[in-house]
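Number of protein chains: 2
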Amino acid sequence: MDRRPTEEQTLRRALVAEKHAQATALLPAHGLDCWLTFSREGSDLLLPYVMGGEELVGTAALMLFADGPTVAIVADYDVGQVEDHFETVLPYSLDWQGPLREILNERKPARIGINFSEHDHGTDGLTHGLFLALIDALEPIGLAEALTTAEPVAAAVRATKTPAELERLRRAGEITQRIFEDITGMLKPGLTETEIAEIFRERMQTYEVGPAWEAAYCPSVFSSRSAGGHHAPGTTRIERGDGLRVDFGVRSEGYCSDLQRTWYLLRPGETAPPADFVRAFDTVHDGIRLAAETLRPGVTGQVVDAAARDPLAARGYTFTHALGHQLGRLAHDGGLLLGPDNARYGARSGGLVEAGMVFTLEPCVGPIGLEENVVVTETGCEFLVDPQEAVYLV
Amino acid sequence: MDRRPTEEQTLRRALVAEKHAQATALLPAHGLDCWLTFSREGSDLLLPYVMGGEELVGTAALMLFADGPTVAIVADYDVGQVEDHFETVLPYSLDWQGPLREILNERKPARIGINFSEHDHGTDGLTHGLFLALIDALEPIGLAEALTTAEPVAAAVRATKTPAELERLRRAGEITQRIFEDITGMLKPGLTETEIAEIFRERMQTYEVGPAWEAAYCPSVFSSRSAGGHHAPGTTRIERGDGLRVDFGVRSEGYCSDLQRTWYLLRPGETAPPADFVRAFDTVHDGIRLAAETLRPGVTGQVVDAAARDPLAARGYTFTHALGHQLGRLAHDGGLLLGPDNARYGARSGGLVEAGMVFTLEPCVGPIGLEENVVVTETGCEFLVDPQEAVYLV
Chain A
1 MDRRPTEEQT LRRALVAEKH AQATALLPAH GLDCWLTFSR EGSDLLLPYV MGGEELVGTA
61 ALMLFADGPT VAIVADYDVG QVEDHFETVL PYSLDWQGPL REILNERKPA RIGINFSEHD
121 HGTDGLTHGL FLALIDALEP IGLAEALTTA EPVAAAVRAT KTPAELERLR RAGEITQRIF
181 EDITGMLKPG LTETEIAEIF RERMQTYEVG PAWEAAYCPS VFSSRSAGGH HAPGTTRIER
241 GDGLRVDFGV RSEGYCSDLQ RTWYLLRPGE TAPPADFVRA FDTVHDGIRL AAETLRPGVT
301 GQVVDAAARD PLAARGYTFT HALGHQLGRL AHDGGLLLGP DNARYGARSG GLVEAGMVFT
361 LEPCVGPIGL EENVVVTETG CEFLVDPQEA VYLV
Chain B
1 MDRRPTEEQT LRRALVAEKH AQATALLPAH GLDCWLTFSR EGSDLLLPYV MGGEELVGTA
61 ALMLFADGPT VAIVADYDVG QVEDHFETVL PYSLDWQGPL REILNERKPA RIGINFSEHD
121 HGTDGLTHGL FLALIDALEP IGLAEALTTA EPVAAAVRAT KTPAELERLR RAGEITQRIF
181 EDITGMLKPG LTETEIAEIF RERMQTYEVG PAWEAAYCPS VFSSRSAGGH HAPGTTRIER
241 GDGLRVDFGV RSEGYCSDLQ RTWYLLRPGE TAPPADFVRA FDTVHDGIRL AAETLRPGVT
301 GQVVDAAARD PLAARGYTFT HALGHQLGRL AHDGGLLLGP DNARYGARSG GLVEAGMVFT
361 LEPCVGPIGL EENVVVTETG CEFLVDPQEA VYLV
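Sequence lines, in order, name chains A and B.
Under our numbering, the first residue of the first sequence is numbered 1, with each subsequent residue one higher.
Under our numbering, the first residue of the second sequence is numbered 1, with each subsequent residue one higher.
If you are wondering where the hints come from, they were derived from the structure by calculation, not from laboratory data.
The reader is advised that the hints may include incorrect statements.
What the hints assert, rightly or not - To be clear about the criterion: a stretch of chain A counts as covered by chain B if any three or more of its residues have a C-beta under 8 Å from a C-beta of chain B, and this derived list gives those stretches: (1) 41-51; (2) 339-348.
Said to hold, decoys possible - Quick look at which bits of chain A chain B covers, simulated, 3 or more residues with Cβ under 8 Å: (3) 93-106; (4) 126-139.
Claimed, not checked - Here are some chain A residues pointing at chain B (derived, C-beta under 10 Å): (5) T6; (6) E54; (7) G58; (8) A75; (9) I114; (10) E118; (11) H121; (12) E167; (13) Q205; (14) Y207; (15) E214; (16) A215; (17) A216; (18) Y217; (19) L330.
Even for Gly, the Cβ is constructed at its ideal location relative to N, Cα and C.
Based on the provided sequences and hints, a complete structural model is requested.
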């Protein structure tokens, strides 16, 4: 049997090695001796960072230590999924409790971080049932009390993109923009929202990418005649004089884009959209620009949100959702939000922006869907995809 | 805007209504006054049963009561996802805690079932962070103590298929078998495992279905030259004189198949596989038949497992995994297993089989992959797809 790694395996190994190094370096500063990802049936959103995929069928304990080799305890049939990524792999055929107790007795971590968080779904992958199973396993060796949240480490591992991750995010964005441009040439009056969504799906097949979120809502296609918000494309037809707003992203090599674009179907004789449509577009566009000028390491998510929200409000436009969320392996990647300080968003918008974070900027209002993706640099931010500068005309 | 429901919406409504009725009827027998699914960002495997999809972005509390109307508390932008399925929908724009306390104060459930389980991943969708958030919300109204596991109800809702679910499972199985038959006509010596997997992917596109589990391992394609177990297709070529074993399932209308089939590539002059290959095939095939003859309401998972395991052992064949798992919206649908009474499987194989459960039967050994899908009837079981009766020859 040919055992040479494929190109994909080599890339995945390198990416997981980058994320392991990042996590291990962070453990001491957060007072953790061990980061334990405890999972079964692919049940933790952090698995791709820890072992390059989600395909772990049996109950598994994946451990990074501040001071020694990494250890994976997995069911024997799952060995192939982790052997590329862990220094020690301990397969079990009957029970995982024994080997887990043995390793922890030997390494004696005083504080073990596990994956739960009240406010960040991206680092809250441990289910409550698995938490109880872990307590049962660790009580006999007096280590149940050592368990604490790994959130600060796990959130940084999700949020701070390595060069290999940024490349993938850029490629996902490029493909998405190419699909928008293809679509512009294919739109015509009389198409329903559902038919337009079908064209997006056919394009995803062509570019061999999947949707960034649940397929039924990716793309979300709204004629300006439809209500706003997250909804599945319907039977409304686009006609001359209508706006069209599409929220769409792809997942490519495990990483997501999440962009919105706006079209207008000119009526006979028109050379531009109506003035109020253009004014709304320009206002949202300016909001994104102002937010991007504010976004840099050290500011809070609330400051960036206000940089777009306040000028929009001054011009009579309101958006009730957050300005932006993080982007990574998930389209809504959790952790710090660019949002206001209120009951819904306050717990996630007060933290500080750091270099390497990737955000959406989406101060959308009414028929105007405009959402851009940016990466925070040492001094500011950069767009991952060229922003939309004017309404696309059909 | 056209507000008539699409055919898909109508089907989904009917299916969710069936599952709500099933769950509500079960609550009193299990001492529950309320079943609460508490989720965010689609983070609970039970969501499709409770609201027909997974597309809930905000934190949501979805409640079925033993004695009154159903209630969904969701973020305002998520209203469209639940309004078809709940009698009362309470949108919030800032915080979910207030409306949740209000409803629970009004309805006063003494015992509230939530989605956690130590042993069944299919009913363990509540994350530990969300569990803590729920405790925080309910403590001020003295209801934190009312929380208990909903596992018995949730497991029955997953396990006991309604007629609409069985139809979907049958269709998923039919498409899978059709793909196997297409493949038989396309196999030829010299193809690599990866190339064969590619043909399966192309067929899934043709039939407009997705893989039943992670795409990289669905299908799992093993030449008889490769090692067994879960692994991604590799660069090994199939040649005349080789066996080929494929583990493959599709997800169609939300429901999964999970089947295995076995091929043999005849050498020049051969009209049948070698005797030991045929003997192994027949032994696995007989094991499935004996298990199917044993499978009926009221027997334990361990009895069914032994019905295949013991005769295989008597003929010198051993499989270390469980005989079968449940099948539904997940390829590994959790709950009762057909497995031995050991440390790995004992906690999930001791329960009783009930009518309406759907299982795989897969006593596979070495190069022989044979896995069938059956539904338990009132008196026995029925195959969802005609079983493979002889090695497919190429």
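Tested hints:
| no. | hint | in the structure |
| --- | --- | --- |
| 1 | 41-51 | holds (count 3) |
| 2 | 339-348 | holds (count 3) |
| 3 | 93-106 | holds (count 3) |
| 4 | 126-139 | holds (count 9) |
| 5 | T6 | 8 Å, holds |
| 6 | E54 | 6 Å, holds |
| 7 | G58 | 8 Å, holds |
| 8 | A75 | 8 Å, holds |
| 9 | I114 | 8 Å, holds |
| 10 | E118 | 5 Å, holds |
| 11 | H121 | 5 Å, holds |
| 12 | E167 | 20 Å, violated |
| 13 | Q205 | 7 Å, holds |
| 14 | Y207 | 14 Å, violated |
| 15 | E214 | 5 Å, holds |
| 16 | A215 | 8 Å, holds |
| 17 | A216 | 7 Å, holds |
| 18 | Y217 | 5 Å, holds |
| 19 | L330 | 8 Å, holds |
Checked against the numbered hints above, the structure violates hints 12 and 14; every other hint is satisfied.
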